[in-house]
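Q: Letter by letter, the chains look like this.
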Amino acid sequence: MRWLARRETLRVTRLWTQTVLAPVVASMLFILVFGLSLGSRIREIGGLPYEVFIVPGLITMAMVQAAYSNNSSTIFQARNDRYINDVLSAPMHPWQVNLGYNVGGLVRSLAIGLALLALAVPLTGVGVEKPLVLVLAVLLGLVLFGALGTVVGIFANTFDNITFVVNIVILPLAFLGGVFYSVDMLPSPWEELSHFNPVFYLVNAVRYGFFGTSDVSIWLCLGITAALALPTYMWSQYLFTSGRRLKA
Amino acid sequence: MPLSPPALELRGLTKRYDDGTSAVESFDLSVHDGAFFGLLGPNGAGKTTVISAVCNLIRVTAGEVLVFGRPAASLEARGWVGLAEQDINLDRFLTVEETLVYHGGYFGMGKDEAVERAGEMIDIFDLRAKTRVRTPKLSGGMRRRLLLARALMHRPRLVILDEPTAGVDFELRVELWRYIERLHEAGATILLTTHYLEEAEELCQEIALIRGGRLIARDSAEGLRETYGADTLADVYVKAMSA
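Same order as they appear, the protein sequences are chains R and H. Quick note on numbering that gives the first Met the number 0: the first sequence kicks off at 0 and runs consecutively. Quick note on numbering that gives the first Met the number 0: the second sequence kicks off at 0 and runs consecutively.
I should point out that these hints are in silico values taken from the structure, not numbers from a laboratory. Check before you lean on any hint, since a few could be wrong.
Claimed, not checked - Footprint (simulated), chain H over chain R, 3 or more residues, beta carbon under 8 Å: (1) 104–113; (2) 147–159; (3) 206–217.
Claimed, not checked - Here are some of the chain R residues that sit facing chain H, going by a computed Cβ distance under 8 Å: (4) W15; (5) V19; (6) D85; (7) L87; (8) A89; (9) G242; (10) A247.
Idealized CB from N, CA, C, for every residue including glycine.
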């Protein structure tokens with residue numbers, strides 16, 4: 000398992016301009032354009048300056064997208080080029096293979112998250128009020144979206160299938176999950192509908208880690224994120240254990 | 000003294016793919032420890048399915064696959080098998096050395112041992128000049144050599160070579176033959192599939208002919224020629240496949 004995790008990490012570092020630099024630059028542009036440039040025209044949200052308010056959501060969005068993209072693309076490539084056979088024929092337990100593949104997404108997302116935090120602190124003055132909650136929320140989010148990436152990478156027939164999920168599912172959910180606003184600001188029924196969006200709870204859990212406040216109970220946020228992360232991870236585990244879609 | 004278990008034993012192996020295609024049906028085969036065994040048959044005969052069942056790469060519909068007496072899916076058995084697949088399936092993100100070292104790691108080797116063994120394989124397969132080159136930049140012949148080196152990296156007891164010389168020029172083919180022979184002399188059991196009948200005749204002590212997922216004959220090249228009243232293995236093949 001250690002070697003597979005190392006291989007996945009090597010892939011992330013070898014392609015660092017694509018895997019880490021590009022998402023960091025994209026998220027920093029959001030902070031600069033929306034936060035520092037337009038932020039002065041938007042009133043405070045929850046007593047926080049706008050450029051500070053959007054930081055947790057943007058970091059969350061960049062990290063979950065990276066966890067998903069990393070795992071889906073690495074597994075799809077390994078299946079497509081059939082070098083996954085080297086791993087499947089090796090004396091490794093299915094849980095080791097699943098975990099090994101998930102480490103790449105975790106490493107990549109953490110690199111992005113830490114880089115964004117390091118840049119956002121001096122730029123916006125954002126701080127971390129509840130570090131343990133932040134770590135827990137981030138880990139749950141990465142398990143959820145990393146495992147989703149693994150599942151999609153196993154089922155995908157083409158690369159388009161992978162990008163479809165990013166563009167049609169993850170990005171809209173992230174944008175509508177309160178990354179740029181508090182759902183309290185939305186008129187009915189949009190505010191109520193936001194509560195059916197799983198990313199809303201993840202963004203709020205991370206925001207609680209940063210500010211110590213969130214739109215809904217932190218326990219609800221962590222509970223819902225965990226309730227989604229666990230079965231998704233079990234699904235990816237099932238695919239490795241059964242060999243479904245991986246073995247003819 | 001107890002008899003050593005066969006290197007490979009298939010009992011009633013059946014594989015039906017999801018689309019309903021039956022690749023092998025109630026297939027029995029036993030290959031003794033130390034054998035050089037050839038599996039011949041046309042495309043679609045079931046050779047690759049049999050190999051994939053041994054290497055944990057397909058979901059077997061029914062039957063049992065044992066490697067040195069242990070279930071092929073067990074971790075122990077998997078560590079005993081080395082596979083060089085028909086298609087070049089090298090990790091595009093890794094260099095030649097990394098391909099070997101990581102494979103060693105997947106198969107339970109420690110870092111120092113894997114690095115040392117990778118160095119040996121690089122020298123044996125004449126890949127020294129390309130040690131730090133990533134696999135997509137290698138020539139076809141070098142990729143084929145690396146594929147074989149990777150299969151042997153963890154010192155498997157059962158080496159499975161699925162058409163290892165397909166698309167390889169004559170010089171490299173002879174070079175690979177010599178290496179495979181040395182490997183067999185060193186005690187490894189070899190299971191070889193090939194479309195080159197002269198390759199099977201040159202290398203294999205025993206040959207099985209399969210067609211439509213069933214075993215239709217099994218003997219030494221000489222025995223097969225005698226049974227089919229043929230002068231060459233090619234004649235045997237034609238008669239057996241058209242019977």
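Q: Take the hints in turn and mark each one as holding or not.
A: Consistency of the hints with the structure:
Under a criterion of three residues with beta carbons nearer than 8 Å to beta carbons of chain H, the stated coverage of the stretch 104–113 of chain R fails, only 0 such residues being counted. With 0 residues carrying a beta carbon less than 8 Å from a beta carbon of chain H, the stretch 147–159 of chain R misses the three-residue requirement, and the given coverage is violated. Judged by the Cβ-Cβ criterion of 8 Å, the stretch 206–217 of chain R is not covered by chain H as claimed, because only 0 of its residues qualify and three are needed. Because the smallest distance between the Cβ of W15(R) and any Cβ of chain H comes to about 13 Å, over 8 Å, the interface hint for this residue is violated.
For V19(R), the interface hint is violated, since its Cβ never comes within 8 Å of a Cβ in chain H; the closest pair sits about 15 Å apart. Given hint, D85(R) at the interface with chain H, holds; its Cβ is 6 Å from that chain's nearest Cβ, closer than 8 Å. Taking 8 Å as the C-beta cut-off, the interface hint given for L87(R) holds, the closest approach to chain H being about 6 Å. With a least beta-carbon distance of about 4 Å to chain H, the hint placing A89(R) at the interface is held under the 8 Å criterion.
Satisfaction of the interface hint for G242(R) is found here, the shortest Cβ-Cβ separation to chain H being roughly 5 Å, below the 8 Å cut-off. At its closest, the beta carbon of A247(R) sits 5 Å from a beta carbon of chain H; the interface hint therefore holds under the 8 Å criterion.
Hint check: violations occur at hints 1, 2, 3, 4 and 5; the rest are consistent with the structure.
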